[in-house]
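> Take a look at the letters that make up each chain.
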Amino acid sequence: MRRIVYREWRIESSRYWSMLAILAGVIAIGGLAALYMEHHGHWVTGMTNSVVWGTPHIFAVFLIISASGALNVASIGTVFDKSFYKPLGRLSGLLAAALLVGGLLVLVLDLGRPDRLAVAMTTYNFSSIFAWNIFLYTGFVAIVIAYLWTMADRKGNPYKKPVGTFAFLWRLALTTGTGSIFGFLVGREAYDTAVLAPMFVVMSFAYGLAIYILVLMYSFEQDDRPIGPLMLKRLKDLLGLFVAGVLYFTLIYHLTRLYGAQTQNIEHFLLLTGGIYTLAFWLCWIIVGSLLPLGIIYHPEHSKNPKAIALASALVIFGGLAAMYVIIIGSQAYPQEMFPGKTVIEFGTPGDIGGAVAPYWPSLPELLLGIGGVAVALLITTVGIRVLQFLPESLADRAVDPHVAAAEARGR
Amino acid sequence: MSEHKQQPDTSHQPDAGRRDFLAKAAGLTSAAVAAGVVLHTAAVAAPRTTPVTDIKRWGMLVDTAKCADGCSACVEACEHENGLDLQEAPEGINPLKWDNQRSTWIRKVKLRDNLTGRITNLPLMCQHCEQPPCVDVCPTGASFKRADGIVMVDRHTCIGCRYCMMACPYKARSFIHERVAHKLTRAPRGKGCVESCNLCVHRLDNGEDTTACAEACREAGHAAIIFGDLNAPNGPLRDALREVNSRQIREDLELNTGVRYAGI
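First to last, the sequence lines map onto chains A and B. By the working numbering, the letter at position 330 of the first sequence is numbered 330, and the numbering carries on one by one without gaps. Quick note: to get the working numbering, add 412 to the position in the second sequence (first position is 1).
Some hints here could point you the wrong way.
[To be verified] Calculated cross-link-like contacts (lysine to aspartate or glutamate; reagent style EDC-like; alpha-carbon spacing at most 16 Å):
1. K468(B) with E542(B)
2. K161(A) with E38(A)
3. K307(A) with E221(A)
4. K522(B) with D115(A)
5. K603(B) with E221(A)
6. K603(B) with E38(A)
7. K522(B) with E337(A)
8. K82(A) with D401(A)
9. K478(B) with E655(B)
10. K478(B) with D641(B)
11. K595(B) with E655(B)
12. K233(A) with D401(A)
Hints were generated in silico from the structure; no laboratory data involved.
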């Protein structure tokens, strides 16, 4: 195998600055949306006392678990010694850190009191899994930066394996922690199950890799760098495996809830009668976000087409956002069951929600804040690959696979 | 240096009558204010100066057989006592949305048994769990349980993450979605923080022994809410709990709630 040469992203200056300007504009709009919500209060959002976590949480949780998943590619190269993936490691680390920063920003700016961030950083309740997550998130960024140093600096190279292994274990803990934020909630029917933790881990694998594939393909295509069909095949096969894994855990999750008598009602709601949530589950999450990309990934012809692979990745991301919508919003909209065997006729004031499904519709500021977080992640990535050597010059088959290189040499 | 002593210029002396008037007015004002302070102090009693202990555990029994259909005396008393009736809907908000966003500490709930059709009424508020899920999950410890069993929120350390609302099995907590123009000193609230029933903690800390809701229910002639000390073996609450069969809402969670219900 040839020595891998990394080079800065060398697209035209004008295009680079235009991209930065667009991303900065989107971030500014997201920032203004956050300022608007903070200034007026959350009454301008679709959130209520029933649906307390809205669209910003969909984006925040999605970005955070994707961050963890984006690091997978580096882990495969370092921890599992797959030399094929080693050239992909640097971008994997950068994208992981960038996505996490984007997600955390959304999370923080959606707090009722974002000005009290210092309180959250200095006053801890260690029985709270949320408090553990603050350490898991900040620690992740620090470890990934150290990991990037071991990948990029010759002095750090000897530490690559231990640091990479530590980062791998940390990212597993991080996603387990994020899944447990929901899985440890005993009072809500849709949560209160440990299966959510491993389900979030597998979701992170799929969504993080889908984002990684899109960023990799776009950045290489813009800079006329080659990606060999072998590399694309490996990546899309891996994506297919992860998407199938998500489907498996989704099946287990719902079977568990269906089997338990006390959770059958919420399953009935999510799977059959939940309106927009049922639609989001079946159409967006399962069909468009999972089965369709799987069909593309394993199609004998389309699977060889880079555009089809990009489309499959985009669909997986769409399905991931839909999954977050169902898990986060749908589960809150369903009324909490406090009185088994009884129907709630009234629950407080006439418009109050108790026995009925809580209404929620994402407001524009919530959506803009979420998109702003995505733009932050993309801006960090864009600047990173432009100013530092994150991207390999070539991912052509002969550059990454010694067997191909040897075969080519023999042929010559 | 002057050789003879300068005489005061009496032509510029202030009017002696006016000076007397001012002196008397000041005296009268002081007397009135002092009396007001004394009376006010007597009225509100001395604030708590000793630490809260676990000798008492505050709780209540709701007898749903006595909770009248259509009566909302407890809800109204709670709203008045804790300044919830001072909340103002932001301009332009949809009334239905406001109902879902305004702070609510007690809900009057009406249930129908699916098998028998029997109707039950009950007030639902923070259940003051012995093992409160909201306290477990709060990242900053703003959600806390006092030694006397009252679960409340420290609004100085609440960051408004709403995780406690996600964790509460009773939907007892409210988020302050809007700017706050009016509030009571005894029940401070601010935009972006979470709050819930605190068993009228200001009353208990000032030596009173009942909550606004229990008092209002008794005055309305129902006496469906009996408030008291769960730890007092011969107190009115334990007596009442001995007499009727009671249970906790979401008993399966084994939270050992401070609020018990009879007849559900």
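> Any hints from earlier that this structure breaks? Give me their numbers in increasing order, please.
2, 4, 5, 10, 11
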